[in-house]
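There are 2 protein chains.
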Amino acid sequence: MNKVCLVGYGNTKFSRENISIDSLLLSATKSLFEQNTNLNQKDIDAVIVSTNDNTKYLAAILSEIAGIKPKIAHTVESLCNSGANSTVSAYSYIASGLAKVVLVVGAERYDSPGQILDWDKSRGEFKHPIFWGSIFTKSHKRKFGTTEEELAIVSAKNHKNAQENPHAYSHKNYTVEELLNSKKLTEDLKVSDCSRSCTGASAILLASEDISKKFSSHPVKIKGIGQKTVSAGFTKNANFSCMQSTVDAGKMAYEMAGIKASDVDVAEIHDAFTVCELMALEDLGFVSHGKGAKYVKNLFDTENRKINPRGGLIGSGHPLGATGIAQIIEILQQLQGVAGKRQVENCKVGLVHNMSAAATSSTVLLLES
Amino acid sequence: MNKVCLVGYGNTKFSRENISIDSLLLSATKSLFEQNTNLNQKDIDAVIVSTNDNTKYLAAILSEIAGIKPKIAHTVESLCNSGANSTVSAYSYIASGLAKVVLVVGAERYDSPGQILDWDKSRGEFKHPIFWGSIFTKSHKRKFGTTEEELAIVSAKNHKNAQENPHAYSHKNYTVEELLNSKKLTEDLKVSDCSRSCTGASAILLASEDISKKFSSHPVKIKGIGQKTVSAGFTKNANFSCMQSTVDAGKMAYEMAGIKASDVDVAEIHDAFTVCELMALEDLGFVSHGKGAKYVKNLFDTENRKINPRGGLIGSGHPLGATGIAQIIEILQQLQGVAGKRQVENCKVGLVHNMSAAATSSTVLLLES
Chain S
5 MNKVCLVGYG
15 NTKFSRENIS
25 IDSLLLSATK
35 SLFEQNTNLN
45 QKDIDAVIVS
55 TNDNTKYLAA
65 ILSEIAGIKP
75 KIAHTVESLC
85 NSGANSTVSA
95 YSYIASGLAK
105 VVLVVGAERY
115 DSPGQILDWD
125 KSRGEFKHPI
135 FWGSIFTKSH
145 KRKFGTTEEE
155 LAIVSAKNHK
165 NAQENPHAYS
175 HKNYTVEELL
185 NSKKLTEDLK
195 VSDCSRSCTG
205 ASAILLASED
215 ISKKFSSHPV
225 KIKGIGQKTV
235 SAGFTKNANF
245 SCMQSTVDAG
255 KMAYEMAGIK
265 ASDVDVAEIH
275 DAFTVCELMA
285 LEDLGFVSHG
295 KGAKYVKNLF
305 DTENRKINPR
315 GGLIGSGHPL
325 GATGIAQIIE
335 ILQQLQGVAG
345 KRQVENCKVG
355 LVHNMSAAAT
365 SSTVLLLES
Chain E
5 MNKVCLVGYG
15 NTKFSRENIS
25 IDSLLLSATK
35 SLFEQNTNLN
45 QKDIDAVIVS
55 TNDNTKYLAA
65 ILSEIAGIKP
75 KIAHTVESLC
85 NSGANSTVSA
95 YSYIASGLAK
105 VVLVVGAERY
115 DSPGQILDWD
125 KSRGEFKHPI
135 FWGSIFTKSH
145 KRKFGTTEEE
155 LAIVSAKNHK
165 NAQENPHAYS
175 HKNYTVEELL
185 NSKKLTEDLK
195 VSDCSRSCTG
205 ASAILLASED
215 ISKKFSSHPV
225 KIKGIGQKTV
235 SAGFTKNANF
245 SCMQSTVDAG
255 KMAYEMAGIK
265 ASDVDVAEIH
275 DAFTVCELMA
285 LEDLGFVSHG
295 KGAKYVKNLF
305 DTENRKINPR
315 GGLIGSGHPL
325 GATGIAQIIE
335 ILQQLQGVAG
345 KRQVENCKVG
355 LVHNMSAAAT
365 SSTVLLLES
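One line per chain: the protein sequences are S and E, in this order. Just so we're aligned: the first sequence equals residues 5 to 373 in my numbering. Just so we're aligned: the second sequence equals residues 5 to 373 in my numbering.
Think of the hints as simulated: they come from the structure by calculation, not from any bench. Any given hint might turn out to be false.
Remember, identical chains collapse to one label, so a pair may be satisfied in a single copy or spanning two.
Said to hold, decoys possible - EDC-like, lysine to aspartate or glutamate: derived pairs with alpha carbons at most 16 Å apart:
| id | residue 1 | residue 2 |
| --- | --- | --- |
| 1 | Lys46 | Asp252 |
| 2 | Lys46 | Asp305 |
| 3 | Lys73 | Asp252 |
| 4 | Lys34 | Glu153 |
| 5 | Lys188 | Glu372 |
| 6 | Lys218 | Glu259 |
Quantities reported herein were computed from a predicted structural model and do not represent experimental measurements.
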């Protein structure tokens with residue numbers, strides 16, 4: 005079986021701009037080609053598009069406008085977890101020998117139809133993700149005594165980290181006090197607790213290890229993959245202060261890679277809401293349950309960028325289908341030691357956590373330098 | 005690397021009924037479970053949905069309502085070629101070791117947004133597939149002298165074959181004369197030359213060869229896979245009487261399988277329009293270029309079901325995302341010798357040809373008993 009490496013990336017700025025989905029896909033692809041001068045269109049065996057956009061046949065459209073004639077070309081959709089799903093699919097095409105080089109491009113517009121959960125009838129009128137964000141937050145507060153200030157610290161840290169991310173949606177800095185005064189959306193959620201849907205695209209290139217040096221002087225290996233879907237509607241959860249799909253996906257990824265949480269040097273965590281960062285850190289074993297807030301406060305106080313160095317979804321913005329790819333790019337850059345002012349020192353092992361719809365599904369990837 | 009087998013299937017009737025996409029997915033899945041009594045929900049590692057429907061998160065929704073908690077769950081879209089693309093993705097998940105058992109379910113409604121090619125600006129106002137169907141037909145007529153009667157014979161054969169397909173959209177029989185009097189849509193296309201978009205769903209189960217006997221007494225191996233995307237808009241074609249993506253995908257599949265066109269005992273061909281069956285038979289090497297019509301006339305005259313035994317798209321109907329899966333089911337049943345009145349004798353090797361949008365992309369699968 006072929007081993008699989010990440011060998012290239014391309015990004016657009018995340019914004020609220022009104023850009024067509026095909027232009028977004030092309031911009032990230034162009035950026036990838038510009039940074040990988042050894043890459044020729046003919047090298048690419050598969051083009052996978054990650055998006056919730058309703059436009060059909062986007063992988064063929066992107067291929068045509070980018071001058072690529074791939075074997076495999078299709079769209080992968082799994083809401084906010086589309087990016088990591090696409091990457092796992094790309095991994096399997098290479099590992100199985102059907103492809104040597106795969107381009108994965110995630111793109112989304114600020115008005116993506118993936119923002120509204122109108123398929124989940126159990127939610128009644130509560131179709132916006134803030135519904136489950138509120139319930140998770142209330143549950144974590146009740147069970148662990150998590151405070152509004154602790155949640156504001158997650159947001160402050162991620163906004164601060166995003167200042168050094170040139171592609172972030174916003175570069176504003178906020179004090180914890182300012183965030184505590186942010187507009188209330190529900191009893192338990194403030195505007196500053198939420199990631200913002202936006203426009204953006206991110207592209208990565210994966211290659212079989214045996215040819216990876218052709219494209220990158222520093223290929224990064226995909227060592228562990230874990231995925232789990234527990235349901236589509238989260239209201240069946242037994243427990244709203246733990247994300248079971250994240251627990252399961254994490255275990256699977258650690259086992260495949262032979263890596264423990266304590267081995268991870270840097271991680272991108274799917275902070276759709278501030279509470280999700282705390283929960284994911286607990287569910288992935290970075291810290292025990294209920295101790296996530298203390299862990300994040302320590303990072304914030306010591307200016308440690310280990311968790312969400314690019315600013316996470318809250319700091320960088322959340323273009324749904326692009327998010328998982330953008331997370332992977334950050335860890336790739338960190339492990340290659342090219343993250344500039346965001347660089348975490350001595351990174352050898354990185355983790356990506358991408359999820360959908362109240363953590364009804366999660367993907368965890370473990371990357372190694 | 006794990007070898008991959010087809011070990012189960014389930015179908016709905018193809019119709020014009022107004023059924024929700026989630027009900028369609030569930031119906032085909034239920035039918036599959038009813039026919040595979042050894043299958044438990046816990047066995048399924050991945051659920052892939054093939055559709056052009058705009059509903060998001062369908063693989064998770066299907067999983068929840070079917071009681072499955074898979075690792076991998078996502079939608080694959082590549083217009084009419086979504087079904088074969090999903091199956092290749094399932095193959096790669098098993099071959100790479102990420103999954104042991106994968107459920108692939110294709111479903112579409114009669115009003116699918118995949119019918120309108122509104123992304124192809126080069127077509128101007130000609131957004132309906134009959135635009136390219138007409139150009140292909142005119143080109144084949146000019147180059148090879150193909151007659152309206154020869155095209156009507158393709159339609160007559162496929163409608164006749166569909167009479168023994170319990171899931172076909174229609175069971176009407178037509179004489180060649182009746183079809184020649186079918187309503188003209190364009191200078192070169194009659195209603196009877198066109199496949200009809202419809203409502204329907206089809207499901208297949210794939211498993212790693214080492215555990216395939218648990219689910220089927222007669223697993224069928226996936227021996228060859230070929231895929232090619234040449235463009236998104238077909239107007240760049242150098243030649244409108246040959247489908248280059250089909251030529252390329254066919255060569256790739258034959259090479260991978262070590263099988264020649266002359267070894268193929270039974271085939272499902274993507275007859276979106278009558279001319280496509282002739283072109284595909286030529287492009288896949290069943291017969292030389294320009295000889296497709298003679299080949300089909302001989303099948304029709306001798307009541308030979310070798311090509312499109314279930315009635316093809318023209319006879320069975322064309323629920324876009326389900327079509328590739330339905331084609332695979334037919335070849336699976338033929339190779340298992342359970343195709344009833346449709347059975348082609350002594351089937352050992354079968355071929356599936358599924359394509360999108362004027363053959364701008366094609367997938368070819370070779371299956372072996």
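Here is what the structure says about each hint:
1. Lys46 x Asp252: between (38 Å within a copy, 15 Å between copies)
2. Lys46 x Asp305: neither (49 Å within a copy, 45 Å between copies)
3. Lys73 x Asp252: Close across copies (11 Å), not inside one copy (37 Å); limit 16 Å.
4. Lys34 x Glu153: So Lys34 and Glu153 fail the 16 Å test inside a copy (42 Å) and across (49 Å) alike.
5. Lys188 x Glu372: Result: close neither inside a copy nor across copies, 41 Å intra and 62 Å inter.
6. Lys218 x Glu259: neither (30 Å within a copy, 26 Å between copies)
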